[in-house]
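Visitor: So you can see what is in the structure, the chains are spelled out below.
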Amino acid sequence: MPALTRDHSDWVKVDSIIDSFEAKKSNLIAILQKVQEEFRYLPEDILTYIGTKIEGLSPATVYGVATFYAQFSLEPKGKYIIKCCDGTACHVRGSMPVYTSLKQRFGLEDGTFTSKDGLFTLETVSCLGACGLAPVVVINDKVYPQMTTDAMKIIIDTILDEEHSA
Amino acid sequence: MANTLFINGKECEYTDEPNLLEVIRNNGFNVPTFCYRPDLTQFGACRMCVVEIEGRGIQSSCTMPPEPGLRIFTNTERTRRIRKIVLELLLANHDRECTTCDKSGKCELQQYAEEYGIKNIRFAQKKDNEFLPIDRDNPSIVRDPNKCILCGACVRACSEFQGHSVLGFANRGSKTVVQPIAGKHLSEVDCVYCGQCQAVCPTGALTIKSDVEAVWSLVTDKEKKTAIQIAPSVRVALGEEFNLKPGDNVIGKLNAALRKIGFDLIFDTNFAADLTIMEEATEFIERLKSGQNLPLFTSCCPAWVRYLETQHPELLHHLSSCKSPEGMMSPLLKELVPKYFNGFTKENLYVISIMPCTAKKAEIKRPQLTRDGRQETDYVLTTQEIARMIKSAGLNLAELEPENSDSPFGQYTGAGTIFGASGGVAEAAVRTAYEFVTGDKLENLDFQPLRGVDKNSRTKDATIDIKGTQVKVRVVSTLKQAEKSLREILEGKADFQMLEVMACPGGCINGGGQPRSCDNAKIKEERAAGLYKEDTELPYRKSHDNPDIQKLYNEFLEKPGSHISHDLLHTHYKNLFENSYKDLKR
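Protein sequence lines, in the order shown, are assigned to chains D and E. Its first residue numbered 1, the first sequence is counted upward by one per residue in this note's numbering. Its first residue numbered 1, the second sequence is counted upward by one per residue in this note's numbering.
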């Protein structure tokens, strides 16, 4: 029994993504990336659907691919995805205190990455290739260099203000 | 043309073997393996079959093709060390409660650990909180992920035999598991319960759900009466569990063993196979006349029926309305045994069937197969389970004197017996349909194009000339092949009028409940040969010639397709796609 009943428009979106990749098995990863872009994560019912629509795949196989790669998330992600670089350079220049302060602020327990209000998802990445700016934090593709816990607090406050006034 | 290479210094010939492992086995040597199964693609996952090759180092023999002149060593210090480390690592991560495991004594991990003398495991054992839940809420198969060694044989079987891939790998690295989507139970997805996954599983990760204890308590209960029926393919495989050869027909010995265990009445599903042919051939002729619902699909295989119900409900009208032979036998026994035998009533009679099949355990629970609030068949035991029961009764099947089954419902024809091999149902149906239509005697009863159970015979076509009418018959085994035929029908390209489908490769002789045969592809051919041999030896070879069948129609069923036949012997099907986990756009 599917957990969700979806809007018809969601299925139209999924169908058009599958069609844009010619419903080919070899394009599965690209299809999953597009779906994740659209829905911010990979919902189980959509994985099942992809597994039945594409020749040579099954729901279990698609699920296997989606759980193999770290880039895919099966949990809904927040509106703001915060990537905290923990590469060597960022680590020695204090990325962990920044990360920990965010984790505390969002009230995240071990194993959860998205704040309860669904606004923020906190991740670590292994190196963003911007070691000269260490420690680096990226929020939805915007790069914040030389972060400190205080700077981070101001940035999050600003985002929240925008959210509340919006 | 034969080439040569050297194994452990001995010059060995090889021809068309796909890999070194087969060459090694064909020359009297062996290497251990978990993941190599001759009927599945090569995987190279377990690294147990490693050999040392001069100038090439260590190679996995299951993935390396043979080359002339190779010098291979199977038991060097290095290969043995690799195998021991593999075993040690697997055992570190394994639920090692062997004594209570269903595969105990038949587990390859246990066997190799013993052969390689693994006594000390240097790695920390799995902690209690690392154990994953066991999936046992379906009637056929138990899935215990704590005993899985990730060899991938089940994943390949599900995909390559059934094209279905209910099982898949999930997650990565140390968190990898084999499971249906999102860790659902097999009962929540569209598993057809064919059991091929557990037939290729080297450990206790996938096992048959046992009904042995329930049946023992029926047998030992003096208030309850038991009638047992035995499927065609059981007789040519059960002997393997008692050191007899595959294909040896042990039906007489089995009858004797069952009497000694204490079953009250022993009948033969082959009789019901003859009955199925009477009904199905009649149905086929009617459809040929009307031109409707063609091609006719056979309905003997419960995995195939469930596949159609879950995947192609739009094609269910093609399916024969006949119950499977086992499904016909049970209500018939419950109706008629009380009339023929003293002390038996509908209420105190329990029908047990011995089947090569795990899907049968699910089939008997179909709501369509209940009568008066009870299941028509009370329990299904697989060939493996009855072997266990015979052993625990202290009997050695091989030494028993053959006995006959009880009468009536015990006599059968060659047509009934060949049901156990892919192509047998179609051949039996054609033998009868030909004589029903023409009224002439069919001289040549052997339809060779419909026979064959090896890897290359999974789709077979034959054209039968029924007095000028050309009837095309298609026989497939594995659901992957069936799906191809269904596509032809959906695209309007199909030119055949009958489609026989068996879900297991080669048919019931290779069913999921049969004795273990996954490391030798020849075994199913030997079992099939045993059935075709019995076919030629029996006094009657056409279902409608069976005197007990004729008597049954005269005294009780009137004629094929009669009202009472429909009540007892026919069934209907249900769209199981609706409301399933795949039914999303609602």
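Treat the hints as calculated values from the structure; they're not laboratory data. Ideal Cβ placement from N, Cα and C applies to all residues, glycine included. Worth double-checking, as some hints may not be accurate.
[Claimed, not checked] Taking lysine-lysine and the PhoX-like style, the derived pairs with C-alpha atoms no more than 25 Å apart in a straight line are:
(1) K77(D) <-> K34(D)
(2) K559(E) <-> K53(D)
(3) K53(D) <-> K10(E)
[Claimed, not checked] Here are the in silico distance ranges between beta carbons for each label pair:
(4) N520(E) <-> K53(D): 20 to 26 Å
(5) K585(E) <-> S165(D): 35 to 41 Å
(6) S165(D) <-> V177(E): 29 to 35 Å
(7) L490(E) <-> E38(D): 54 to 60 Å
(8) G118(D) <-> E491(E): 43 to 49 Å
(9) K79(D) <-> E17(E): 56 to 62 Å
(10) I85(E) <-> E22(D): 55 to 61 Å
(11) E11(E) <-> E22(D): 17 to 23 Å
(12) L74(D) <-> N75(E): 31 to 37 Å
(13) E17(E) <-> A130(D): 42 to 48 Å
(14) K224(E) <-> Q71(D): 40 to 46 Å
(15) A30(D) <-> N75(E): 56 to 62 Å
[Claimed, not checked] Derived coverage of chain E by chain D (criterion: at least 3 residues anywhere in the stretch with Cβ under 8 Å from a Cβ of chain D; other residues may be distant):
(16) 4-14
(17) 49-56
(18) 418-431
Visitor: Tell me if the straight-line CA distance from K559(E) to K53(D) falls inside 25 Å.
Guide: Violated: K559(E) and K53(D) sit about 46 Å apart, past 25 Å.
Visitor: Is 17 to 23 Å respected by the C-beta to C-beta distance linking E11(E) and E22(D)?
Guide: For E22(D) against E11(E), whose Cβ atoms are near 53 Å apart, the range 17 to 23 Å is violated.
Visitor: Is it true that K224(E) and Q71(D) lie within 40 to 46 Å of each other by Cβ?
Guide: Given a distance of about 60 Å, which is not inside 40 to 46 Å, the answer is violated.
Visitor: With respect to the beta-carbon atoms only, verify the hint that E17(E) and A130(D) lie 42 to 48 Å apart.
Guide: violated (55 Å)
Visitor: Compare the distance between the alpha carbons of K53(D) and K10(E) with 25 Å, and conclude whether the hinted pair is satisfied.
Guide: Given pair K53(D), K10(E) is violated - Cα atoms ~53 Å apart, limit 25 Å.
Visitor: Given a hinted range of 20 to 26 Å, is it respected by the beta-carbon distance of N520(E) and K53(D)?
Guide: violated (38 Å)
Visitor: Does the Cβ-Cβ separation between K79(D) and E17(E) fall within 56 to 62 Å?
Guide: holds (59 Å)
Visitor: Okay, the region 49-56 of chain E and chain D, do three or more residues pass the C-beta test at under 8 Å?
Guide: It is violated, with 0 qualifying residues against the three required.
Visitor: Please verify the coverage claim for the region 4-14 of chain E: does it have three or more residues whose C-beta sits within 8 Å of some C-beta in chain D?
Guide: violated (count 0)
Visitor: Is it true that I85(E) and E22(D) lie within 55 to 61 Å of each other by Cβ?
Guide: Given about 45 Å between the Cβ atoms, the range is violated.
Visitor: Please check whether L74(D) and N75(E) have a Cβ separation lying inside 31 to 37 Å.
Guide: Cβ of L74(D) to Cβ of N75(E): about 46 Å, so the range 31 to 37 Å is violated.
Visitor: Cβ-Cβ distance between S165(D) and V177(E): within 29 to 35 Å?
Guide: violated (46 Å)
Going through the hint list in order, the structure does not satisfy hints 2, 3, 4, 6, 7, 10, 11, 12, 13, 14, 15, 16, 17, 18.
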